[in-house]
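Chemist: For reference, the chains in residue letters:
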Amino acid sequence: MARRSASILNRLLAKNPPSPFTAPTRSITYMPRPGDGAPRTVTLIPGDGIGPLVTGAVEQVMEAMHAPVHFERYEVLGHMRRVPEEVIESVKRNKVCLKGGLATPVGGGVSSLNMQLRKELDIFASLVNCINVPGLATRHENVDIVVIRENTEGEYSGLEHEVVPGVVESLKVITKFCSERIARYAFEYAYLNNRKKVTAVHKANIMKLADGLFLESCREVAKHYPGITYNEIIVDNCCMQLVAKPEQFDVMVTPNLYGNLVANTAAGIAGGTGVMPGGNVGAEHAIFEQGASAGNVGNDKIVEQKKANPVALLLSSAMMLRHLRFPTFADRLETAVKQVIQEGKCRTKDLGGDCTTQEVVDAVIAALE
Amino acid sequence: MSRQSFSLLKSLGRIASGSKTQTRSVTYMPRPGDGKPRPVTLIPGDGVGPLVTNAVEQVMDAMHAPVYFEPFVVHGDMKSLPEGLLESIKKNKVCLKGGLKTPVGGGVSSLNVNLRKELDLFASLVNCFNLPGLASRHENVDIVVIRENTEGEYAGLEHEVVPGVVESLKVITKFCSERIAKYAFEYAYLNNRKKVTAVHKANIMKLADGLFLESCQEVAKKYPSIAYNEIIVDNCCMQLVARPEQFDVMVTPNLYGNLVANTAAGIAGGTGVMPGGNVGAEYAVFEQGASAGNVGKDTTQEQKNANPVALLLSSAMMLRHLQFPSFADRLETAVKRVIAEGKCRTEDLGGNSTTQEVVDAVIANLD
Numbered sequence: 001m002a003r004r005s006a007s008i009l010n011r012l013l014a015k016n017p018p019s020p021f022t023a024p025t026r027s028i029t030y031m032p033r034p035g036d037g038a039p040r041t042v043t044l045i046p047g048d049g050i051g052p053l054v055t056g057a058v059e060q061v062m063e064a065m066h067a068p069v070h071f072e073r074y075e076v077l078g079h080m081r082r083v084p085e086e087v088i089e090s091v092k093r094n095k096v097c098l099k100g101g102l103a104t105p106v107g108g109g110v111s112s113l114n115m116q117l118r119k120e121l122d123i124f125a126s127l128v129n130c131i132n133v134p135g136l137a138t139r140h141e142n143v144d145i146v147v148i149r150e151n152t153e154g155e156y157s158g159l160e161h162e163v164v165p166g167v168v169e170s171l172k173v174i175t176k177f178c179s180e181r182i183a184r185y186a187f188e189y190a191y192l193n194n195r196k197k198v199t200a201v202h203k204a205n206i207m208k209l210a211d212g213l214f215l216e217s218c219r220e221v222a223k224h225y226p227g228i229t230y231n232e233i234i235v236d237n238c239c240m241q242l243v244a245k246p247e248q249f250d251v252m253v254t255p256n257l258y259g260n261l262v263a264n265t266a267a268g269i270a271g272g273t274g275v276m277p278g279g280n281v282g283a284e285h286a287i288f289e290q291g292a293s294a295g296n297v298g299n300d301k302i303v304e305q306k307k308a309n310p311v312a313l314l315l316s317s318a319m320m321l322r323h324l325r326f327p328t329f330a331d332r333l334e335t336a337v338k339q340v341i342q343e344g345k346c347r348t349k350d351l352g353g354d355c356t357t358q359e360v361v362d363a364v365i366a367a368l369e
Numbered sequence: 001m002s003r004q005s006f007s008l009l010k011s012l013g014r015i016a017s018g019s020k021t022q023t024r025s026v027t028y029m030p031r032p033g034d035g036k037p038r039p040v041t042l043i044p045g046d047g048v049g050p051l052v053t054n055a056v057e058q059v060m061d062a063m064h065a066p067v068y069f070e071p072f073v074v075h076g077d078m079k080s081l082p083e084g085l086l087e088s089i090k091k092n093k094v095c096l097k098g099g100l101k102t103p104v105g106g107g108v109s110s111l112n113v114n115l116r117k118e119l120d121l122f123a124s125l126v127n128c129f130n131l132p133g134l135a136s137r138h139e140n141v142d143i144v145v146i147r148e149n150t151e152g153e154y155a156g157l158e159h160e161v162v163p164g165v166v167e168s169l170k171v172i173t174k175f176c177s178e179r180i181a182k183y184a185f186e187y188a189y190l191n192n193r194k195k196v197t198a199v200h201k202a203n204i205m206k207l208a209d210g211l212f213l214e215s216c217q218e219v220a221k222k223y224p225s226i227a228y229n230e231i232i233v234d235n236c237c238m239q240l241v242a243r244p245e246q247f248d249v250m251v252t253p254n255l256y257g258n259l260v261a262n263t264a265a266g267i268a269g270g271t272g273v274m275p276g277g278n279v280g281a282e283y284a285v286f287e288q289g290a291s292a293g294n295v296g297k298d299t300t301q302e303q304k305n306a307n308p309v310a311l312l313l314s315s316a317m318m319l320r321h322l323q324f325p326s327f328a329d330r331l332e333t334a335v336k337r338v339i340a341e342g343k344c345r346t347e348d349l350g351g352n353s354t355t356q357e358v359v360d361a362v363i364a365n366l367d
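Chains L and U, in that order, give the protein sequences. All residue numbers for the first sequence refer to UniProt numbering, where the first residue is 1 and numbers rise by one. All residue numbers for the second sequence refer to UniProt numbering, where the first residue is 1 and numbers rise by one.
In case anyone wonders, no lab produced these hints; they're calculated from the structure. One thing to keep in mind: the hints can contain errors.
Claimed, not checked - Computed from the model, here is a short list of chain U residues facing chain L with C-beta under 7 Å:
no.	residue
1	Gln58
2	Phe72
3	Ala220
4	Met317
5	His321
Glycine residues also receive a C-beta, built at the ideal position from the N, C-alpha and C atoms.
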């Protein structure tokens, strides 16, 4: 069957050569409520490393689009002890935040500020959409995976202690409450975005109680959504399947650590962490940042040469615009970014080109309708 | 691999047939709890109303959309709106309406206008555009008519001065003109439209339409990137049928809006396919965009071949208004596919299918 369909595919493709990239137009317009066009305030945290570079890119593009968004910038650096109070107040007030990246020092006992922000604001779901971008060649085709990762507990509880000198215990905490709400969010996401399958990723053969509790919660929620297929996969097999047959995955719901690894793997097979959008959401607040950031906040060379890839944060800010109910602006931004990538003339180093961040930003602004 | 290629073949086949599925890769990240079902007040109405609202109910059911309807029986010849209807709409904030037949003459005020005034739905919006696959005499039509909904010639203030002499008051206020102008420009800004045209007859009604124009001009100053121009309504009607591509968003007082909307709907494919809605500061009522002919002829009702497309597309607007963009996209795509294929069309589009056959075709085309 595969060989037959390959020849049919070839014939169809020959008859209809892929058309130049056209913007998705929606004729049924979005009928806003009066007052919907009022500008919204968004907290902006440039951060460390490449953070200021890529958030600067977003600010420039938002201005070029005249988007109804204005940013309240706050200085936060990864080596601070805590996130400043005023930043948390600002996010609570504005409900939405855009973040570059905060470098977490390795070891040393200083807790990650990224984690602190997520716990204080109870932002329990992290979402990364790993998808092949048209025009960007990769070894894997047909990748369209959304990884929904529990963001507040699991291996990242930060509860560690030295029992006796030379022996350290690190507690992985799984609760029914958190597992249930992340499962509910994953199925609700699948329902609202017309996704067909949710896969739970676990290691319950080894961690029978902890991951077993996670799985139980997922199974209970799955019963409420008979129209969505649910299955489970052990995380080691999952990593192998991701690189062998990624098209089998649709939405994946995972606890904290597995989610981090799966998201970065999926981002890598689909084009790299420089282009995948993502966000974190809780019941009341949302923080948008680069989807998956293996390598923390980029190496020093990229910062010096100003060659960080702004695409991921630009697409995340498109998600933010959609979250803020400005769908037309989101579409315009997305279309412009995709056009730039497809044309292939202006790409940063991680995509195989040698443009600087500013050149990519200028290309995106030029491509805006 | 075979299953994957089959779905690939299906989507390639669709592309080959000329209709594109709309996919947005940057997904909508909902807030937790956004998937909760929303109640919507439903008014089937008279004439073809119950037929087309039933079509919407069937499609919503097939899609498992997070919407459930609270129906109310209202007929155009009732003296006033029934008890409980206004409470329901005020609670739900959104309503879907078939059509209420307004009796000609007789002094009974229109229930449609009553509803709009009570809920202060001051803006009516109709999107008139060419549908792919539906041939019409005019190409490149994509006009949005935004019409003031509460005053103007429809104030309903008439009296007989002396036997044989009747006065009808047309009322234009700065307050209402300003807010409709503000809504029109805000709409253009949020939907990436480039031009707003004000339609008027201020050469004759210098004070009334003059006030309307002044309000539009003031609001236009706040949106320097949107082009603004004015056109007299008689010239406008002629331009609509001669060169419709020059119009983008049009803002009009009540009566001109009615005429312009129906003309634009007619040139783009007919009132059977144009979506629309009415919105106020707090509520929104969605119905067929433009309904020349009130609620359809008796023969259409008997033979059950009313065109459900307009109300289906309006319910897609409603789903988008309720912040369910994926469902709105699916519905829109399915409806457009059915029209582009051309096999299943009701009488007004040149075919001879019944309403139910069109509904079945739409449901079959849902992804």
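Chemist: The structure should be examined with respect to each hint, and the outcome stated for every one.
Modeler: Structure-based check of all given hints:
no., hint, result
1, Gln58, "violated, 17 Å"
2, Phe72, "violated, 22 Å"
3, Ala220, "violated, 15 Å"
4, Met317, "holds, 6 Å"
5, His321, "holds, 6 Å"
Checked against the numbered hints listed earlier, the structure breaks hints 1, 2 and 3; every other hint is satisfied.
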